[in-house]
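Enquirer: Here the protein sequences line up with chains A and B, keeping their order.
When we follow the working numbering, the leftmost residue of the first sequence carries the number 1, and every step to the right adds one.
When we follow the working numbering, the leftmost residue of the second sequence carries the number 1001, and every step to the right adds one.
FYI, nobody ran anything at the bench for these hints, they're computed from the structure.
Among these hints, one or two may not hold up.
[Said to hold, decoys possible] Calculated lysine-lysine pairs in the BS3-like style (CA-CA distance at most 27 Å, straight line):
#  : chain 1 : residue 1 : chain 2 : residue 2
1  : B       : LYS1004   : A       : LYS113
2  : A       : LYS113    : A       : LYS103
3  : B       : LYS1162   : A       : LYS103
4  : B       : LYS1147   : B       : LYS1162
5  : A       : LYS103    : B       : LYS1004
6  : A       : LYS99     : B       : LYS1208
7  : A       : LYS85     : B       : LYS1157
8  : A       : LYS126    : B       : LYS1006
9  : B       : LYS1147   : B       : LYS1157
10 : A       : LYS85     : A       : LYS99
11 : A       : LYS99     : A       : LYS181
12 : A       : LYS25     : B       : LYS1147
13 : B       : LYS1006   : B       : LYS1085
14 : A       : LYS103    : A       : LYS85
15 : B       : LYS1208   : A       : LYS103
16 : A       : LYS103    : A       : LYS25
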Amino acid sequence: MNLSVDTSQRTIKISLRNVRKDFRKGDGTDLTAIANLSFDVYEGEFLCLLGPSGCGKSTCLGLLGRIDTPSGGEIRFSGQRDSYKIGFVFQSPRLLPWKTIWKNVRFSLESQKPFPRQEWNERAAKAIELVGLNGFEGCFPHQLSGGMQIRGAIARALALEPEVLLLDEPFSNLDEITAKKVRKELLSIWRRLGMTIVFITHDLHEAVFLADRILLLTPRPMSLFNEFMITVPRPRSYSEPDLFEAETQIARAFEAMMPSEE
Amino acid sequence: MGGKGKTALIRLGSIFGCLVFWEVTSRFVPMGLFPGLRETFDAFYDNLVQGVLLVNLGVTTRRVFVGFLVALLIGAIMGLFMGLKRVVEDSLTYPMLFAMSIPSLAWVILGLMWFGLTEFAGIFVISAIVFPIVVINTYEGVKGVDKTFIEMAQAYKASQCKIIFEIILPSTFPYILSACRFGIGVAWKIAIIAEMLGMSLGVGYQLKYYYSLSRMDQVLAWILVFTLAIFIVDRFVLARISALVLRWRPNVAL
């Protein structure tokens, strides 16, 4: 199976060139989280960043989401800089416990104000509908299951109609059955809305099922080790032999990257 | 029977048990030193029908609430700033610890010496004692804010104002409410002492008055008034407010 990458025909959404990120540690020395990272995110693709835990993936997502700035190198965003809307879904849902689902979803709209105030209710309702949480608008987060809380966090991100949706291991705290279901829902939302998705995970199985393209990242300091194209047609099923084969190939690359310490 | 019904039954039983214990004990104590239920409730009833009970309770309650509210309002704002601004934190930490270490009775003496036997003296004393409790608790609440919520809000470019009012302030509510329940209990007790030492009305004054007359039945009746007032305020006012304000929490402890 050919997992090599051909990106000649595509529009670049975000481009990273020689990006470095250092952190000042408590003892005054610098810690390099990301060393010389270059890659492009293409318009409308589902990109997975795959790497071992603690390799600096979340730091990278902070850079892509413009929460943080790089210590070196360059990140370019295509299109109008100021109107760039980015949705975030974090490792834990981070829904505010004292707000109902309805108010949590409105939070992103109220904070970023990309649309006139009159549209907020309508847009929040639409986002809640998209993730299938209608009927639960008045609930507080603790009254919902883990899967539903993640859906709420996704709705909060979708309400902005983001051009780019950034997800940081959003399903890692769910049981596998729920995670399988929510992954499929995420894919169907993505196919309907057509935004660009960057999805961070350490779960190879998940990455292969979701992604158009997978970037394999090295442990800290993080850099790009290899990239793979998953061309298996959609909708995919978890039991597809082609996915299994892709998974095996990437697992081999992963082992080459991290030789076992025997 | 449900767990709730069982709890209620046991609680009622415990009150009944206390009353029985009271009555039985009073029979073994020399006359006048420990009146039984009958004499105490007679005194209580007399006070109620004559109106003295409500007048005195009203005066004490007003002192407690005014003093408490002033402390709550200023204390919560100050605690908030203390948690938000490093300069305020550094400059208030020691003064607050000093204020907390001043004995309550010393505050009463200070208040009466500075402001004389006035209404203001009572309110000042209550505020002064409750204030540091509220400040410290609110401050702890701000420090305990879940940082990941703030990261989330910053990712969505929420304004500083939105972060303070919709994330930091709500996370301090449980702390402020626990300061309220503790603080208001302290406020009642202080009010009684202040009234004994220098006021001419109020539950504390009545206690002192009947003490000087050696009227044990009246002393017990006024202690009863005081205890019931605290109980009602805590169970029916503060607990209800807590349940309403903290309804977003999985378990609201009553």
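Enquirer: Hint by hint, where does the structure go against what was stated? Just the numbers, ascending.
Expert: Failing hints, ascending: 1, 5, 6, 8, 13, 15 and 16.
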